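The lines below spell out each chain.
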Amino acid sequence: MVAAIAMLNGYLGISDTPHVADQLPYFISAGAFGVALCAVAGMLWVSADLRDEWREIRSLRAELAASEAAAIARAGGQ
Amino acid sequence: MTTAGLTSRQVHVPARRSVSVDLPVDSPWRAVEHRVVAAVLAVAFGLIGLAWFGAGGTVDWTEQLRWTAVAIGGVTLVGFAGALWLGLGLRRVRLEKRALCVSLVARRDRLAAYAAPVTDRAATRVTRVGMSHHHAPDCLLVAGKDVRELTADDLDLVPCGVCGVSERGELSINSIARAER
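Residue numbers (the working numbering), protein chains in the order written: chain A, 1 to 78; chain B, 1001 to 1181.
One chain only, chain B, in its complex shape:
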């Protein structure tokens, strides 16, 4: 179905593993991920502390370099844990946004389907002799009157301000409200 220049093919989302399953409502991370990242951070800071005590306890240059390498390993581990944490969070927020967009597009398509009959009805305009405006068939201003459909001779008529379609073909607020109902 095509609505407003966007086809459902354009909003097609390939099937992916669901991300909203067993995730808490208030956080994009699962409890087990909290624990894993906290454990990795604890190990990393432990390595840095161990390296500090190791390097502080000796004046041997070679020995100190080894402990420095251990400390650098700890810092790398912190970076790894941070990247893992933020990567998971960013990915899940992105997928959640995508799901929201798909829901909104589906809703828009449904609304457009409801509005289509109204748009068709609005395409039919009527008037009667002596009128300077054209109206929708169900407009109150022509209710009960003997009206006829517009012809090529009625090009000088202007749309009714109550039920009308604007000159650019947009529906009036009343028409949109009818479609929403």
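Bound-form chain A, shown alone:
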């Protein structure tokens, strides 16, 4: 959302002036900043999914290990 607002602001600023010297600061502050923010947002989105997946796999492995330990204990008790 912030990235979209920044890029829209940059578009409005650049389209307001015909001078390249006025346009370049908008290109940097809005364009580059907006693109960088988009990249960070995507990175956070994917890493949230990765973290969920990681937790799920870890809990599965823990359950499996606990079940194995219980089975070994049962076998040892017999």
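Everything labelled a hint here was simulated from the structure, so no lab data went into it.
Only a predicted model underlies this, so the values are computations on that prediction, with no experimental measurement involved.
Glycine is no exception: its CB is placed at the ideal position from the N, C-alpha and C atoms.
It is possible that part of the hints are untrue.
Partial pick of chain B residues on the chain A-facing surface, computed with a CB cut under 10 Å [what the hints assert, rightly or not]: (1) G1057; (2) L1065; (3) I1072.
Computed footprint of chain A on chain B; a stretch qualifies when at least three of its residues, placed anywhere within it, have a C-beta under 8 Å from a C-beta of chain A [unchecked claim]: (4) 1035-1046; (5) 1086-1095.
Model the placement of chain B on the given structure of chain A, informed by the hints.
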């Protein structure tokens, strides 16, 4: 050992550097990686901000182009940090999945080893004169009765519904439950 068409050779995983060592339980990234990526992102956004102020403070075209290059460098740095972060995470999740699969295959092999004697026992079927079904030797329906093993003349007998092996050779639920115990 071969089970269900999959050999242990097929699930062999080459030795790799362990990835679960000193990783937090709730995240595939270590604390130092959090700090490094945060620092790189801070530098990248700092470069973009610096380029903005630099380009805004002059009307010299050549000077502005230099600052634009600095801003593009900042964006590239953001991309690099993101790729590093996601690459590490994806790799560790993939290795964790692989470890889970190896554990599951090992568990399946152990269960199959436990079930094998039961399967062998189920392969031996018995019946007696006058019966229309064949049974496992330990089936309750033939307990204490004078039974004999099946011969080629008993092809018309059908499997017992209590202990039986299905016509496709699958074990009954009771047999599988015995194997699990």
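Structure-based check of all given hints:
1. G1057: Constraint on G1057 (chain B) satisfied, holds at 9 Å.
2. L1065: holds (8 Å)
3. I1072: With a minimum Cβ separation of about 7 Å from chain A (threshold 10 Å), the hint on I1072 (chain B) holds.
4. 1035-1046: holds (count 3)
5. 1086-1095: Our answer is that it holds, as 5 residues pass the Cβ test (under 8 Å) against chain A, meeting three.
Checked against the numbered hints given earlier, the structure satisfies every one of them.
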